[in-house]
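Those protein sequences? They're chains A and B, same order as listed.
Sequential numbering from 1 applies to the first sequence in this note's numbering.
Sequential numbering from 1 applies to the second sequence in this note's numbering.
Rather than coming from a laboratory, the hints here were simulated on the basis of the structure.
Bear in mind that the values here come from a model prediction, so they are computed numbers and not experimental data.
Do not take every clue at face value.
Unchecked claim - List time: in silico BS3-like cross-link candidates among lysine-lysine, alpha-carbon distance up to 30 Å:
1. A:K95 with B:K314
2. B:K189 with A:K53
3. B:K163 with A:K31
4. B:K358 with A:K31
5. A:K53 with B:K317
6. B:K410 with A:K31
7. A:K193 with B:K163
8. A:K53 with A:K167
9. B:K3 with A:K193
10. B:K84 with B:K317
11. A:K31 with B:K84
12. B:K314 with B:K328
13. A:K134 with B:K163
14. B:K262 with A:K193
15. B:K413 with A:K31
16. A:K167 with B:K8
17. B:K413 with A:K53
18. B:K331 with B:K175
19. B:K386 with A:K31
20. A:K134 with B:K175
21. B:K410 with B:K386
22. B:K3 with A:K53
23. B:K163 with A:K172
24. B:K317 with B:K358
25. A:K31 with B:K55
26. B:K55 with A:K193
27. A:K193 with B:K8
28. A:K95 with B:K331
29. B:K328 with A:K31
30. A:K167 with B:K163
31. B:K314 with A:K53
32. A:K95 with A:K6
To be verified - From the derived model, a few chain B residues whose C-beta atoms are all more than 10 Å from chain A:
33. S205
34. D301
35. R302
36. P304
37. K314
38. H363
39. Q374
40. K386
Every residue gets a Cβ at the ideal spot worked out from N, C-alpha and C, and that includes glycine.
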Amino acid sequence: MQKFTKVISTAVPIPIEEIDTDQIIPARFLKALTREGFGANLFRDWRYDHQDKPIPDFVLNNDTYGGSILVAGNNFGCGSSREHAAWAIGDYGFKVVVSSFFADIFKANALNNGILPVQIGQDELRQVFEAIEKNAAEIFEVDLEQQTFTIVSSGAAFQFEIGAYKKMCLSKGYDDIDFLLSNVDRIIAFESKQEIY
Amino acid sequence: MGKTLFDKLWDAHIVHTEYGVDILYIDQHFIHEVTSPQAFDGLRDRNIEVFRPQKTLATPDHNVPTINQHLPIKEPLSRAQVQKLYENCALYQVPIYKLGHEKHGIVHIIGPENGITKPGMTIVCGDSHTSTHGAFGSIAFGIGTSQVEQTLATQCLVMTRPKTMRITIDGHLSKGVYSKDIILHIISKLTAAGGTGYFIEYAGSAIEELSMEARMTICNMTIEMGARGGMIAPDQTTFDYISGRSQAPNDELWDQAIAYWKTLVSDSDAIFDREEFFDAKDISPMVTYGTNPGMGMGIGDRIPPSHEVSNVEKSLKYMDFHAGDSLKGKKIQHVFIGSCTNGRIEDLRLVADYVRGKKRANHVQVMIVPGSKQVEQQAIQEGLDKVFEAAGFQLREPGCSACLGMNEDKVPKGEYCISTSNRNFEGRQGPGARTILASPMMAAAAAIAGEIVDVRQQLLAQHK
Ligand code: SF4
Chain A
1 MQKFTKVIST
11 AVPIPIEEID
21 TDQIIPARFL
31 KALTREGFGA
41 NLFRDWRYDH
51 QDKPIPDFVL
61 NNDTYGGSIL
71 VAGNNFGCGS
81 SREHAAWAIG
91 DYGFKVVVSS
101 FFADIFKANA
111 LNNGILPVQI
121 GQDELRQVFE
131 AIEKNAAEIF
141 EVDLEQQTFT
151 IVSSGAAFQF
161 EIGAYKKMCL
171 SKGYDDIDFL
181 LSNVDRIIAF
191 ESKQEIY
Chain B
1 MGKTLFDKLW
11 DAHIVHTEYG
21 VDILYIDQHF
31 IHEVTSPQAF
41 DGLRDRNIEV
51 FRPQKTLATP
61 DHNVPTINQH
71 LPIKEPLSRA
81 QVQKLYENCA
91 LYQVPIYKLG
101 HEKHGIVHII
111 GPENGITKPG
121 MTIVCGDSHT
131 STHGAFGSIA
141 FGIGTSQVEQ
151 TLATQCLVMT
161 RPKTMRITID
171 GHLSKGVYSK
181 DIILHIISKL
191 TAAGGTGYFI
201 EYAGSAIEEL
211 SMEARMTICN
221 MTIEMGARGG
231 MIAPDQTTFD
241 YISGRSQAPN
251 DELWDQAIAY
261 WKTLVSDSDA
271 IFDREEFFDA
281 KDISPMVTYG
291 TNPGMGMGIG
301 DRIPPSHEVS
311 NVEKSLKYMD
321 FHAGDSLKGK
331 KIQHVFIGSC
341 TNGRIEDLRL
351 VADYVRGKKR
361 ANHVQVMIVP
371 GSKQVEQQAI
381 QEGLDKVFEA
391 AGFQLREPGC
401 SACLGMNEDK
411 VPKGEYCIST
421 SNRNFEGRQG
431 PGARTILASP
441 MMAAAAAIAG
451 EIVDVRQQLL
461 AQHK
């Protein structure tokens, strides 16, 4: 996994609440055998019509917006456990997703793929949407070390939470699996005293 | 201070704690074809084996066709995924119930059915509805593919302990109201995000009265309010269900198991982070009107105004419904009875009982997809297949089917489907499909009437 330190970028706004994983990547695109290529179908049914023509209204089809930060409405990533949602977001080029609330499994999946979910307050999220609406070229800075998300032009900085363990993993580019494999002796010792039926 | 059932089990499975996270031991891992191929690739990249292959069980379910399962799968991508699962299981010696095997079925149906799912366990699967298994008093939750890889590699996961919530439902359900209605009612009250961060224990007299099948329906849909999982303390109903199943403990071990399982309750002085209370008599047959499972209402209610429900305008546009509408009398074109929520034998029996001697409305297509081969065989043995055939209902072979439309079982764009599955997201049953979630009885009644009806009135009429 790549190390995560700072991201300085413009952002893509999707001010829709409760975006579920079926919207992020519809089930019919889950048939791949690898982790690559899902970005092409990110938000597929919002991005393309039934004849596979781009829907001009949708933000990913609008050249005005770009960057490696996705800003979305409350309860982002609810629904299925498919990690393909995180892969699609990462494969498309996003490194950060900002929302006022994330679904649990999505959050875990994102972190396992080096994508940082930045959870800020409802009101702060509104300010972010407003900043992008005012100026699509607005720059944002995400600082993992300081745990801040900053609207650069105004200097407004919002604090976000991240567990100590996950922060360590992201900044060093570690996976959970590295941590687990370093504990195999403990796991075997645990098994030997476990009673199961 | 006493402990919650959840905390007892969590504590009993902690291997080690460091950096504020727990290494949690997993007793049983289920895998399927969609979320596992990349996990096996990860093992190959690291050159490691599956740590405990016997604690994993595989089944292909998401992609599989529900007719002619004995023939090769037509769709090349689905075929490749299923094939990959077979190869990986052979290579890493992971037990598998392949397509056509007498125990094949949807992953969350076959665990309980074969006595693999038992009280006190930790259970994971790369599928959010793993919460189903919590009905047996186990900690069961869905994981992503990276975590599938971790479980394959170490039989453990890195976790932070969730908060606990208890939902107590007391009283008795009215006639025509089922466990599906309980959970749709709860989600509609607590919202689709209301349970995020929590692990839920269901309690109360209404829960105690439920069969294991009905309890599984509730735990299954717990994920739809964002909760990590749901659980119900094991009791005599649980023990009776497990007894005699192929992987249930036998003889002397059975007595030891029961003695242990009886200790699996929340202590009376245990404190939950949050408590919610419901009364069973307030629950009526439920239908969803929007595009998440929290957008549900009693069949006698009207779609609430937009300021009361977040994001509802977009949903109503997609569904072509309007605030103030009642769903009674809405024409439907499709009925789907199946999925890990309501694809068990008890569901099929209920439906068969109701439709015996009746016929589907001409414009409605009805698909019944059993949750497993054993459910299918049992249905045939009991002659339910004949009842369905006479009613014009099509009984298929087991799989996830139109629950997520990864195989060819899809609902066409713009058409309405009353479905016993668990998600009414945009496009879930096919691009543009409009899904109304309900109980199997509501679905059966709609199939006959050709439109959404209040099953209570149908049941009353039947008894006159
Ligand atoms: S039946 Fe539906 S919800 Fe259940 S495992 Fe299959 S796809 Fe998931």
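Status of each hint after checking the structure:
no. : hint               : in the structure
1   : A:K95 with B:K314  : holds, 28 Å
2   : B:K189 with A:K53  : violated, 39 Å
3   : B:K163 with A:K31  : violated, 34 Å
4   : B:K358 with A:K31  : violated, 39 Å
5   : A:K53 with B:K317  : holds, 21 Å
6   : B:K410 with A:K31  : holds, 16 Å
7   : A:K193 with B:K163 : holds, 27 Å
8   : A:K53 with A:K167  : violated, 40 Å
9   : B:K3 with A:K193   : holds, 22 Å
10  : B:K84 with B:K317  : violated, 40 Å
11  : A:K31 with B:K84   : holds, 11 Å
12  : B:K314 with B:K328 : holds, 22 Å
13  : A:K134 with B:K163 : violated, 39 Å
14  : B:K262 with A:K193 : holds, 21 Å
15  : B:K413 with A:K31  : holds, 21 Å
16  : A:K167 with B:K8   : holds, 28 Å
17  : B:K413 with A:K53  : holds, 17 Å
18  : B:K331 with B:K175 : holds, 24 Å
19  : B:K386 with A:K31  : violated, 35 Å
20  : A:K134 with B:K175 : violated, 56 Å
21  : B:K410 with B:K386 : holds, 25 Å
22  : B:K3 with A:K53    : violated, 56 Å
23  : B:K163 with A:K172 : holds, 28 Å
24  : B:K317 with B:K358 : violated, 34 Å
25  : A:K31 with B:K55   : holds, 25 Å
26  : B:K55 with A:K193  : holds, 17 Å
27  : A:K193 with B:K8   : holds, 17 Å
28  : A:K95 with B:K331  : violated, 45 Å
29  : B:K328 with A:K31  : violated, 38 Å
30  : A:K167 with B:K163 : holds, 21 Å
31  : B:K314 with A:K53  : holds, 21 Å
32  : A:K95 with A:K6    : holds, 10 Å
33  : S205               : holds, 28 Å
34  : D301               : holds, 21 Å
35  : R302               : holds, 22 Å
36  : P304               : holds, 16 Å
37  : K314               : violated, 7 Å
38  : H363               : holds, 23 Å
39  : Q374               : holds, 22 Å
40  : K386               : holds, 33 Å
Violated hints, in rising order: 2, 3, 4, 8, 10, 13, 19, 20, 22, 24, 28, 29 and 37; the structure is consistent with all others.
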